[in-house]
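Q: Which chain is which? The protein sequence lines are A and B, in order.
All residue numbers for the first sequence refer to my numbering, where the first residue is 1 and numbers rise by one.
All residue numbers for the second sequence refer to my numbering, where the first residue is 437 and numbers rise by one.
Calculated from the structure, these hints are not laboratory results.
Among the clues, some could well be false.
Listing some non-contacts, in silico: residues in chain A with all C-beta distances to chain B over 12 Å [stated by the list, open to error]: (1) 94; (2) 135; (3) 168; (4) 194; (5) 242; (6) 281; (7) 303; (8) 307; (9) 309; (10) 331; (11) 399; (12) 412.
Computed list of lysine to aspartate or glutamate pairs in DMTMM-like fashion (alpha-carbon distance at most 25 Å, straight line) [as the list claims (entries may be wrong)]: (13) 44(A) to 569(B); (14) 44(A) to 562(B); (15) 486(B) to 500(B); (16) 535(B) to 613(B); (17) 44(A) to 2(A); (18) 136(A) to 394(A).
Every residue, glycine too, gets a C-beta built ideally from N, C-alpha and C.
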Amino acid sequence: MEPITIGILGMVALTVLIISGVRIFVAAGLVGFVGLWILRGFDKAVGIAGHVPYSDTTNYALSVLPLFILIGHLAHHAGIVQGAYRCARAWLGWMPGGLAVATIFAAAGFAAVSGASTATAAVFSRIAIPELLRFKYQPGIAAAVVAAGGTLASLIPPSAIMVVYGIITETSIGGLLLAGFIPGLISAILYASIIVIRFKINPALGEAVPGISWHERFVTLPYALPIVFVIGAVIGGMYTGWATPTEVGALGAFIVFVMALLKRSLSGRGLLDSLLDTVKLTVMIFSIIWGVLIFVRFLAFAGVSSSFSDWIVAIGVSPYLVLLFVIVLYTVLGMFMDGIGMLLLTLPVIFPVMSKLGFDPIWFGIIVVKMVEVGLLTPPVGLNCYVVNGVRPDIPLQQIFRNVWPFVLMDFACVGLFTLFPGIVTFLPNLTMGSP
Amino acid sequence: MARRETSMGGAALGRLDRSLQVVEFVSAVVAGVVIFGVMWVGVAEIFLRKGFNSPLYGQLDFIEQTMALYTLLPISYCYRKAGHIRVDVVAGHFKGRGKWIAELGASIAAFALVVALLPGILHFFDNAYYIGDSTINTQWPTWPSKLVPVVGFTILAVRIALELWAYIRLVADPDAEPIAVPIPAHVVEDA
Numbered sequence: 001m002e003p004i005t006i007g008i009l010g011m012v013a014l015t016v017l018i019i020s021g022v023r024i025f026v027a028a029g030l031v032g033f034v035g036l037w038i039l040r041g042f043d044k045a046v047g048i049a050g051h052v053p054y055s056d057t058t059n060y061a062l063s064v065l066p067l068f069i070l071i072g073h074l075a076h077h078a079g080i081v082q083g084a085y086r087c088a089r090a091w092l093g094w095m096p097g098g099l100a101v102a103t104i105f106a107a108a109g110f111a112a113v114s115g116a117s118t119a120t121a122a123v124f125s126r127i128a129i130p131e132l133l134r135f136k137y138q139p140g141i142a143a144a145v146v147a148a149g150g151t152l153a154s155l156i157p158p159s160a161i162m163v164v165y166g167i168i169t170e171t172s173i174g175g176l177l178l179a180g181f182i183p184g185l186i187s188a189i190l191y192a193s194i195i196v197i198r199f200k201i202n203p204a205l206g207e208a209v210p211g212i213s214w215h216e217r218f219v220t221l222p223y224a225l226p227i228v229f230v231i232g233a234v235i236g237g238m239y240t241g242w243a244t245p246t247e248v249g250a251l252g253a254f255i256v257f258v259m260a261l262l263k264r265s266l267s268g269r270g271l272l273d274s275l276l277d278t279v280k281l282t283v284m285i286f287s288i289i290w291g292v293l294i295f296v297r298f299l300a301f302a303g304v305s306s307s308f309s310d311w312i313v314a315i316g317v318s319p320y321l322v323l324l325f326v327i328v329l330y331t332v333l334g335m336f337m338d339g340i341g342m343l344l345l346t347l348p349v350i351f352p353v354m355s356k357l358g359f360d361p362i363w364f365g366i367i368v369v370k371m372v373e374v375g376l377l378t379p380p381v382g383l384n385c386y387v388v389n390g391v392r393p394d395i396p397l398q399q400i401f402r403n404v405w406p407f408v409l410m411d412f413a414c415v416g417l418f419t420l421f422p423g424i425v426t427f428l429p430n431l432t433m434g435s436p
Numbered sequence: 437m438a439r440r441e442t443s444m445g446g447a448a449l450g451r452l453d454r455s456l457q458v459v460e461f462v463s464a465v466v467a468g469v470v471i472f473g474v475m476w477v478g479v480a481e482i483f484l485r486k487g488f489n490s491p492l493y494g495q496l497d498f499i500e501q502t503m504a505l506y507t508l509l510p511i512s513y514c515y516r517k518a519g520h521i522r523v524d525v526v527a528g529h530f531k532g533r534g535k536w537i538a539e540l541g542a543s544i545a546a547f548a549l550v551v552a553l554l555p556g557i558l559h560f561f562d563n564a565y566y567i568g569d570s571t572i573n574t575q576w577p578t579w580p581s582k583l584v585p586v587v588g589f590t591i592l593a594v595r596i597a598l599e600l601w602a603y604i605r606l607v608a609d610p611d612a613e614p615i616a617v618p619i620p621a622h623v624v625e626d627a
């Protein structure tokens, strides 16, 4: 059998295993191992597959990942969310759908100290939904706002998923983190706009927050300080290049840790829980990374990625048609799969194609992460909607999914916007790193 | 129908599971402490390099050599806590014996992977130990770090072996109390 045929059979086997409920890291590692065995013999397969888990995960560049995850978990315990929410509410509550708008921007703020979307959604389910319900917001809308707001953590740095993209495509992690900032902000603004429009059309969707004085507003400002500090450290560190992503992650975690100590809101138990949660998420992500990298070794020997990209380039279709196809593919995959798994499984084949077609790796990274955000919201497996439903079982999943589509529409609007004006994405990284 | 805890060695299985959970918990605490340590090392490095123009000696090697302690050592902890991502669109629909058969299949796949990887991982450590491999800057030996995946994967092998037993027991008696299997933790707990 031709190596390429074996490669394609391997991809089919991987899909079947994953659909039948085998853990993603197991499916990828196992198919990769068997493929290597067939192509290179048993001893070589043992040798190659045996050193990938260690060699490919103990790399300085990857040490940023647990630190980004730790920032979010510490921030949760440090009560930063409540502060951000109070502040956003005081300043934005007056708008139509003001409390929902405030939720979006508080989530965006929290995203700046959190690397994981599901964590953000979980935290806001506990804090924002009771408030929204108190002001007579329809439960489905309240839940959808929280689920959508949570996705912002994927784009706004620090972002775990962005680091994973950087690792698998060998794209500058610093560049990616910088690039995510403005698109993240634009996403938040678009989310807020659709809320304002919906509430303008139908004010009965929820009550306005009664008059808040300027004094009250300014009193809440200090609550946003930790977020400002962490944004300053991350953006400043990346922008000026005075620290590596790992150091920036360490500094961010340290700032939140000190804030928590000052506020006396972090107990020993809280610290241990933050660390254990961080460990669980970290080892989960790293397991998929090495599992998929074993699979990628197999694909490389089978010559699948290179043949595929050569083929796409040779048939000479418009790059934007390919991009459209990729977006449709991620929309469909995102309905069923978790974002990190989806990226790790598809990028080894898709990224070489896109880069051969001339797309900027950082720009494509932002588009891909945006598609991950879509996947977090769309049924049947929109993880963030499940998270919100998990915290608030009284709000049925169907109701959340029904109210989440305006936000999904805004996500696609973002993708369109970034495609028409790629400068929105590449502006910040180019400013610091020079044009490619 | 009352759930049977004692059928097919359920009590022994439960004891073994609890013992292994202690080991896994310790591995996770070690990993957590290391991550916390990396935070301090990172901050110290910035402070010393920017403030005193004297970078922290060996910080890069320290960070790389300790990474396996949180990327690979607690792999079984994550496994037991149902932390590893899977797609249960299809498997989630099964009930009773069908569900346990699907779970058994997923466990067999995991066990096969670990058995396939362990010899290579062991060989990798062995090599570093006998050659006397060391880091470039600090000349620290690398074998202690390469021993970590051997330990992590051994714990995982034991964990999955227990799980195989647990699922075979449940396939034989679907109404027995599920023991030593990851209760698919609520997604919220992951977050």
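Q: All hints are to be evaluated individually against the structure, with a verdict given for each.
A: Each hint tested on the structure:
{"no.": "1", "hint": "94", "in the structure": "31 Å, holds"}
{"no.": "2", "hint": "135", "in the structure": "24 Å, holds"}
{"no.": "3", "hint": "168", "in the structure": "15 Å, holds"}
{"no.": "4", "hint": "194", "in the structure": "25 Å, holds"}
{"no.": "5", "hint": "242", "in the structure": "7 Å, violated"}
{"no.": "6", "hint": "281", "in the structure": "7 Å, violated"}
{"no.": "7", "hint": "303", "in the structure": "23 Å, holds"}
{"no.": "8", "hint": "307", "in the structure": "27 Å, holds"}
{"no.": "9", "hint": "309", "in the structure": "26 Å, holds"}
{"no.": "10", "hint": "331", "in the structure": "16 Å, holds"}
{"no.": "11", "hint": "399", "in the structure": "18 Å, holds"}
{"no.": "12", "hint": "412", "in the structure": "23 Å, holds"}
{"no.": "13", "hint": "44(A) to 569(B)", "in the structure": "21 Å, holds"}
{"no.": "14", "hint": "44(A) to 562(B)", "in the structure": "17 Å, holds"}
{"no.": "15", "hint": "486(B) to 500(B)", "in the structure": "22 Å, holds"}
{"no.": "16", "hint": "535(B) to 613(B)", "in the structure": "14 Å, holds"}
{"no.": "17", "hint": "44(A) to 2(A)", "in the structure": "19 Å, holds"}
{"no.": "18", "hint": "136(A) to 394(A)", "in the structure": "15 Å, holds"}
Going down the numbered hints, you'll see the structure goes against 5 and 6, while the others check out.
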